[in-house]
Amino acid sequence: MTAPLDQHLPDPAAVPSEAVSDPELIAAGLAAEPTLTQPGLGRRTLESLRRDPVALISVLVVVCLAIVAIFAPELAPYNPLHAFPNGLAADGAPVHPDSTFLLGTDPNGRDVLSRMIFGARVSLLVGVVATGLASIIGIIIGGIAGYAGGVTESILMRLTDVVLSFPILLFCIALIAITGPNTRNVVLVIAFGYWTYLARIVRGLVLSLKEREFVTAARTLGVSHAKILRRHILPHLVPAIIVYSTLGVATSILIEASLSYLGIGVPIPQASWGQMISQGQEYFQTAPWLLIAPGVALIITVLAFNLAGDWLTDLLDPATAEIGR
Amino acid sequence: MVAVEHLTVAFPARTGGGEVVRDVSFAVNPGERIGLVGESGSGKSMTARAIMQLIPKPGRVASGRVMLLGTELGADPKVAASSWRGTTLSMITQDPLSSLNPLVRIGTQMTEMLRFHRGLGRAAATARARELLASVGIPDPARTLSQFPAVLSGGMRQRVALAIAVSCEPRLLIADEPTTALDVTIQAQVLDLLERLTAEQGSAVLLISHDLGVVASFCDRLMVMYGGRIVESGPTAQIIGAPAHPYTRALMASVPSMTGDLPDRLASIPGSPPAGGVWSTGCAFMPRCPIARAVCATVDPALLTLSGAAEPAAGDGAASQGAADQGAADQGAADQGAADQGAADQGTGTDEAVQHAAACHASQNESWGRAA
Amino acid sequence: MTGEPIVDVTDLQVHFRVRRGLVGYQTVRAVDGVSFTIAAGQTLGLAGESGSGKSTVARSLVRINQPTGGSIRVGGTETARLRGQDLRAYRRRMQMVYQDPYDSLDPRMSVLEAIGEGLAVRGMARAQRRAATEDLLRRVNLPVSLTSRYPGQLSGGQRQRVSIARALAVSPEVIVCDEAVAALDVSIRAQVLNLLKDIQADAGVSYLFISHDLSTLRFMADQVAIMYVGRLVEYGTSSQVFGQPQHPYTKALVAAVPEITATGRTGRTRLTGEPPNPADPPPGCPFHPRCAVAIDICKTLRPTLRRKVGGQFAACHVAPDEAPAVSSQGATPGTPGAEPGPAIGTPSSSEVSA
Chain F
1 MTAPLDQHLP DPAAVPSEAV SDPELIAAGL AAEPTLTQPG LGRRTLESLR RDPVALISVL
61 VVVCLAIVAI FAPELAPYNP LHAFPNGLAA DGAPVHPDST FLLGTDPNGR DVLSRMIFGA
121 RVSLLVGVVA TGLASIIGII IGGIAGYAGG VTESILMRLT DVVLSFPILL FCIALIAITG
181 PNTRNVVLVI AFGYWTYLAR IVRGLVLSLK EREFVTAART LGVSHAKILR RHILPHLVPA
241 IIVYSTLGVA TSILIEASLS YLGIGVPIPQ ASWGQMISQG QEYFQTAPWL LIAPGVALII
301 TVLAFNLAGD WLTDLLDPAT AEIGR
Chain R
326 MVAVEHLTVA FPARTGGGEV VRDVSFAVNP GERIGLVGES GSGKSMTARA IMQLIPKPGR
386 VASGRVMLLG TELGADPKVA ASSWRGTTLS MITQDPLSSL NPLVRIGTQM TEMLRFHRGL
446 GRAAATARAR ELLASVGIPD PARTLSQFPA VLSGGMRQRV ALAIAVSCEP RLLIADEPTT
506 ALDVTIQAQV LDLLERLTAE QGSAVLLISH DLGVVASFCD RLMVMYGGRI VESGPTAQII
566 GAPAHPYTRA LMASVPSMTG DLPDRLASIP GSPPAGGVWS TGCAFMPRCP IARAVCATVD
626 PALLTLSGAA EPAAGDGAAS QGAADQGAAD QGAADQGAAD QGAADQGTGT DEAVQHAAAC
686 HASQNESWGR AA
Chain Z
698 MTGEPIVDVT DLQVHFRVRR GLVGYQTVRA VDGVSFTIAA GQTLGLAGES GSGKSTVARS
758 LVRINQPTGG SIRVGGTETA RLRGQDLRAY RRRMQMVYQD PYDSLDPRMS VLEAIGEGLA
818 VRGMARAQRR AATEDLLRRV NLPVSLTSRY PGQLSGGQRQ RVSIARALAV SPEVIVCDEA
878 VAALDVSIRA QVLNLLKDIQ ADAGVSYLFI SHDLSTLRFM ADQVAIMYVG RLVEYGTSSQ
938 VFGQPQHPYT KALVAAVPEI TATGRTGRTR LTGEPPNPAD PPPGCPFHPR CAVAIDICKT
998 LRPTLRRKVG GQFAACHVAP DEAPAVSSQG ATPGTPGAEP GPAIGTPSSS EVSA
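Chains F, R and Z supply the protein sequences, listed in that same order.
Counting along the first sequence from 1, when you hit position 300 you're at 300 in the numbering used here, and nothing is skipped either side.
Plus 325 on top of the position in the second sequence (first one is 1) and you've got the numbering used here.
Plus 697 on top of the position in the third sequence (first one is 1) and you've got the numbering used here.
In isolation and in its complexed conformation, chain F is listed as follows:
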C-alpha cells in the first residue's frame, strides 16, 4: 500500500535500517538537524541597544567623551591655560557664561569650557591607561595563581590580599606625597591600587575554567600548558575583563578627580575636573557654574561608564553560554 513517494526521499524498501553512509540520507538527516544559528555579535549589539534606551544613551555618552578627549585641541575654543585679560570682571570676579565664554571663566580668567574639554582628556587618559595597566597586572597574577594552584596560588593571593587591604585613597595620597604630583604618578598609583580586583576575578574564573571538560580534553590530547592558557582560558576571560575595565575606568576617573580635588593629582595649571571642583567650591555663591559644570560632567561620565558596563555584562554573558537544546 505504498503511495508514490516524494522526489527527494529515498525509497524505504531500498534503505537499510541504518543508512548513515548514504550521502542522500545524511543530507536529509542534516536537513532535520536543528539550524542553531545565533546572530553575530554585531547584530545582537545593535538589537540590544535598540531595545534599551538607557544603555544606548550611556554608550553614546562614552563615545562622545572619547571623541572630545581625542580631539580636544580642535574642539576647545581657547587655550585652557591662557588667562584672558577680559576673562575677569572689573572687580576680579569670574565672568558669567556669555557669548564669548560659553561656560564663563574661572577665577584666573581662563575659559571654563576649554578647561572642561581638556579636563575630559585628562580624565579619560588617566582612566583608560590606569585601568589598562591594572588589567594587565591583574590578569597575569590572577591567571598564574588560578592555573598553577598550590603554593604559588597561596603566595600570590596573600599578596593580593595585602595590597587589597590598603585604603586606596590614603595610599595614593601617601605615595604622591613622596613622589610629587604629576599625571604619570597618578596613573601608576591608581593602577597599583586597582589590579587586585581583577586578579581575584581572574583567579576565580581560571579556577572554574580549569575544571571544564574541554580543558581536560585538551590536556588529554597532550596540548601544552602554555597553549591551553592562550587558546582556551584567555578567550574566556575576555568578557569579564571588558566589563571590569569599563567599571574600572569609571572608578579611576573618580579617584583621579578626588586626588586632583585634594591638590595632589594633576599638577596645577593643567585642567582637571577634580581641580575645577575644588576651586569652584569657594565660589559657589557667586559663580556657581564653576562648580556645577565639572560636577555634572563627572557625574554623567561615571554614570555613563557604569551603565555601559552593566549593559556590556548582559550582552556578553549569553554570548559565552552555549545554545542549549
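It is worth saying that the hints were derived from the structure and are not from the lab.
Among the hints, erroneous ones may be present.
Covered, in the sense of this in silico footprint (three residues per stretch, anywhere, with C-beta under 8 Å from a C-beta of chain R), are these stretches of chain Z [stated by the list, open to error]:
no.	region
1	881 to 895
2	907 to 921
3	942 to 951
Simulated pairs of lysine to aspartate or glutamate, DMTMM-like, Cα-Cα distance not exceeding 20 Å [claimed, not checked]:
no.	chain 1	residue 1	chain 2	residue 2
4	Z	Lys894	Z	Asp832
5	F	Lys227	Z	Asp800
6	F	Lys210	Z	Asp899
7	Z	Lys894	R	Asp586
8	F	Lys210	F	Glu153
9	Z	Lys948	R	Asp517
10	F	Lys210	Z	Asp797
11	Z	Lys894	Z	Glu876
12	Z	Lys894	Z	Asp910
13	F	Lys227	Z	Glu810
14	Z	Lys948	Z	Asp910
15	Z	Lys948	Z	Asp977
16	F	Lys227	F	Glu213
17	F	Lys227	Z	Glu876
18	Z	Lys894	Z	Asp919
19	Z	Lys948	Z	Asp919
20	Z	Lys894	R	Asp589
21	F	Lys227	F	Glu211
22	Z	Lys894	Z	Glu870
Only some residues are given here: those of chain F computed to face chain Z with a beta carbon under 8 Å [what the hints assert, rightly or not]:
no.	residue
23	Arg212
24	Glu213
25	Phe214
26	Thr220
27	Leu221
28	His232
29	Pro235
30	Pro239
Just so it is clear, CB atoms sit at the ideal spot from N, CA and C, and this is done for glycine as well.
With the hints as your guide, set chains R and Z onto chain F.
Just chains R and Z now, kept in the frame of chain F:
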C-alpha cells in the same frame, strides 16, 4: 477526572511559532497509570507543567484547557491554585534538590505542607511527617526530619519528595522524569515505591520519561509525544506489541535489549529530534521517517484510532486528508469514566473505550523495525 | 585474542585524601585494586553505579587522575608513573570521549580549530590540517561543511561525533568512552553506538566503554567488568556476565533494568539499601549489607576474584567456584585449564587475566 483538551503552549519567539505543545488532548481516569514518552523537544515536560498551571514565565497556554473534576483550571481567578495544587494534583520532578528548598530542614518543609493544606497542629503534623517518611522507606525518620536535603543521597531525596507529594492524598500524581538521575537499582526501588504508594491511596499517576522501558513496565496506558504532539497512544501492551507510528517503532528498534539476540548494528533514526518551537508544515517526523510520502510534507496527520484494536494487519490508520475517522477522534472523547485496559497483570479483558491511536498518514502494514 | 593485550592493568589503586572536620584527613579508596586487560580491537565494558569508581578508572587510564598504585601497561609500556615529555607522548595512544557533549568542546573554537588542535599535537603542519579534518569528519559521518561551525550551532549528537573525530585525530590505540551516549537523546544514541562500532572495525581501536546502562554495554562490549565500591565483583565475557550472572550484585543490576517487553513490575527481586560511602565501606564483602544470600564469612572476609561456574570471574563467597578444591558448595569442574585463584584471605589485589 483530569482532562486535557486541545492544549497548546506557546513561548514568544522572534521568528513566530514558538509552540512547544501543540493541540494535545487526553484524559486521566481515577487510579489509572498513564505514561508519557518523548525525547527533548517533544513537549512532554511542558505538558505536565501546563496541567499544574506552572508554565515558566514568558510561556503561556495559547489555547485549550485543562479540566480537573469538571472545572477548568486557571479559569476563575478567585480560585487559588493552592486549593488544588499539592492536594488534588501533585508533582515530583527529576531533581529533588530543586523541588526541595536546600536551606530549609526537611521536617519544616513537610509539616508546612500538612499544616497549610490539612490544618494540622505542629505536633500532629510532625507525627504524620514521621509516619510518611517511614512509609517511604527512610531508615531513620526522626533524624531525617531535622536534616537538610543536601545531606541525603539522590534516592533518599526522591523518597522525601514522594512523601511530600503524597502527603495530602492527591488524586493525580505527576512524576516528571523522577528516576532519570538515579542509579538503576535505586530507580527500581523508587518506582516500586511509587507504585505502592499510589495503589494504597488510589491515586492516578502520570509518569513522564524518555525511557520507554521505565514507562512500559509501570503504566497501563502510554502516550508517545514527538514535536509537541501526541503521535501514538493506547494500551501499553498494544503499543509495545504492535507499534503503529514509525517513530515509536524506530525508537523501540534502536534500543538494545538485555535479552534476546543482539544485532550487529542498532537500527537508528537519522537526524535529530526537532528543537521545540519552529515547525514546518506537515508531519514533524517526516524528515526522519523511512516511510514518508508526499502527503506527509503538507498535511499534519491527526491522531486517529485504529480499528480492530489488537490486529495490526486489519488496523488502518491510513488517513489522507478528508478521510473519515473510525469513531473517537482522539483519546479524550473515548475515556469518559471507563476502566483502564490494564496490562497483563491487572486487566479483566479488553475495554473498547481505551483505543490504540496513531497520527500517521502511512499505513502500519509496513513491516519495519521490531516485528509485532 | 591474539598476542599481548593492548591494555594491561594490574592492581590499579587510586586513593584520594579528603578533608574531614577541621584538620583531619580521610583516605577515600575510589579504586582499590582493579585488574583487567583489553585485547586489540576489542571492547571492555565497565559497569557500576555511583561510587563504584568506574569513572575514576577511566580517568586514571588517561592520566587525568593520577594512580596511587598499581600498573598500567599500554602496548607493553608501563605508563602509570610517566611524567612530563614522556607523558605527553603517551597521551596520544589513549584518548577519551566524554559524557557531556556540551562541555567537552570549547565553545569559542570552531570545529576546524578543535580537531586541528589534535592534529597539531600529532605534528601536522597547518597547511595539511584542513584536508585531514575533512577526512576525519567524513569518517564520523558528518558533512564537511561543519568545519566552520561552532559547537553552539551543533546538536548533541553532532558534537559528540566531533569529539570522536578529535580523539581519532591523534590516531590512538585505545579510546575510553566515559558514558559517551548517556547525555544524548535516545534516538541519537543508536547512531553514535553504530559509529563507534564501525570505527572499531575499521581502525582496530580498542574501547574501554564505561556505562551505567547495561543494555548498551551488552551491545557494545565483548568483555564486561562490574565494579562495586572500587573493586571488581564480576568479570567475564558479555554473554557470561549478562546471561548467567554469578555475583548477587550483578544479578540485582540485571533484574533492575526496565525492559520494554516487561509485563508489570511485580515478582522481580529488588535490591534494598543504598551503595555505601566509598570513604567508609563495610568490612568483609562491601556488598554484604544489601545481599540477600550473604553468609557469616561475608561479613568478615573480603572475597577475591575467582573463576566461577559459567566461566567468568566473580568475587563472592557464595557463588559456586569452578575450581573444585576451594569452593564452599561443591563446584562442577569447568573448562580445562581453569586457574586456581589466589589463596583465600589475601585482602589485597587479585590478579585476573582474560
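Taking the hints in turn, this is what the structure says about them:
Figure legend: the region 881 to 895 of chain Z, annotated as covered by chain R; annotation consistent (10 residues with Cβ-Cβ distances under 8 Å, at least 3 required). Requiring three or more residues with a Cβ within less than 8 Å of a Cβ of chain R, the coverage given for the region 907 to 921 of chain Z holds, as 7 such residues are present. Taking a C-beta to C-beta cut-off of 8 Å, the region 942 to 951 of chain Z contributes 3 residues in contact with chain R, enough for the three needed, and the coverage statement holds. Our distance criterion of 20 Å between C-alpha atoms is met by Z/Lys894 and Z/Asp832, whose separation comes to about 18 Å.
Between the alpha carbons of F/Lys227 and Z/Asp800 the distance comes to roughly 19 Å, so the proposed pair stays at or under 20 Å and holds. Between F/Lys210 and Z/Asp899 the CA atoms are separated by roughly 35 Å; this puts the pair beyond 20 Å, and the hint is violated. Annotation: proposed proximity of Z/Lys894 to R/Asp586 holds, straight-line Cα distance about 17 Å (limit 20 Å). Distance restraint check for F/Lys210 and F/Glu153: the Cα-Cα separation of roughly 14 Å lies within the 20 Å cut-off, and the hinted pair is therefore satisfied.
With a C-alpha separation of about 18 Å, the suggested pair Z/Lys948 and R/Asp517 falls inside the 20 Å cut-off, and the hint holds. Between F/Lys210 and Z/Asp797 the alpha-carbon distance is near 16 Å, which keeps this suggested pair within the 20 Å criterion. Proximity of Z/Lys894 to Z/Glu876 is assessed by CA-CA distance (about 15 Å); at most 20 Å being required, the pair is judged to hold. Distance hint between Z/Lys894 and Z/Asp910 is fulfilled; the C-alpha atoms sit about 17 Å from each other, no more than 20 Å.
Straight-line distance between C-alpha atoms of F/Lys227 and Z/Glu810 comes to about 13 Å, which keeps the hinted pair within the 20 Å bound. For the proposed pair Z/Lys948 and Z/Asp910, the alpha carbon gap of about 14 Å is at most 20 Å, so the pair holds. Proposed proximity of Z/Lys948 and Z/Asp977 is contradicted: the alpha carbons are some 24 Å apart, above 20 Å. Between the alpha carbons of F/Lys227 and F/Glu213 the distance comes to roughly 16 Å, so the proposed pair stays at or under 20 Å and holds.
With a C-alpha separation of about 28 Å, the suggested pairing of F/Lys227 with Z/Glu876 is violated against the 20 Å cut-off. For the given pair, Z/Lys894 sits about 12 Å from Z/Asp919 by alpha-carbon distance, which is consistent with the 20 Å threshold. As the CA atoms of Z/Lys948 and Z/Asp919 are separated by approximately 19 Å, the hinted pair is consistent with the 20 Å bound. Restraint check for Z/Lys894 and R/Asp589: the C-alpha separation of about 9 Å stays at or below 20 Å, so the hint holds.
The straight-line distance between the Cα atoms of F/Lys227 and F/Glu211 is roughly 16 Å, inside the 20 Å bound, and the hint therefore holds. With a C-alpha separation of about 15 Å, the suggested pair Z/Lys894 and Z/Glu870 falls inside the 20 Å cut-off, and the hint holds. Because the beta carbon of F/Arg212 sits about 6 Å from the nearest beta carbon in chain Z, less than 8 Å, this interface hint is met. About 4 Å separates the beta-carbon of F/Glu213 from the nearest beta-carbon of chain Z, less than 8 Å, and the hint is met.
Hint status for F/Phe214 relative to chain Z: holds, with the closest Cβ pair at about 4 Å, below 8 Å. The closest approach between the C-beta of F/Thr220 and any C-beta of chain Z is roughly 5 Å, which is under the 8 Å cut-off, so the hint is satisfied. With a least beta-carbon distance of about 5 Å to chain Z, the hint placing F/Leu221 at the interface is held under the 8 Å criterion. Given the 8 Å rule on beta carbons, the hint for F/His232 holds: about 6 Å separates it from the nearest Cβ of chain Z.
Look at F/Pro235: its Cβ gets to within about 5 Å of chain Z, closer than 8 Å, so that hint holds up. Among the interface hints, the one on F/Pro239 is violated; its C-beta lies about 11 Å from the nearest C-beta in chain Z, farther than the 8 Å criterion.
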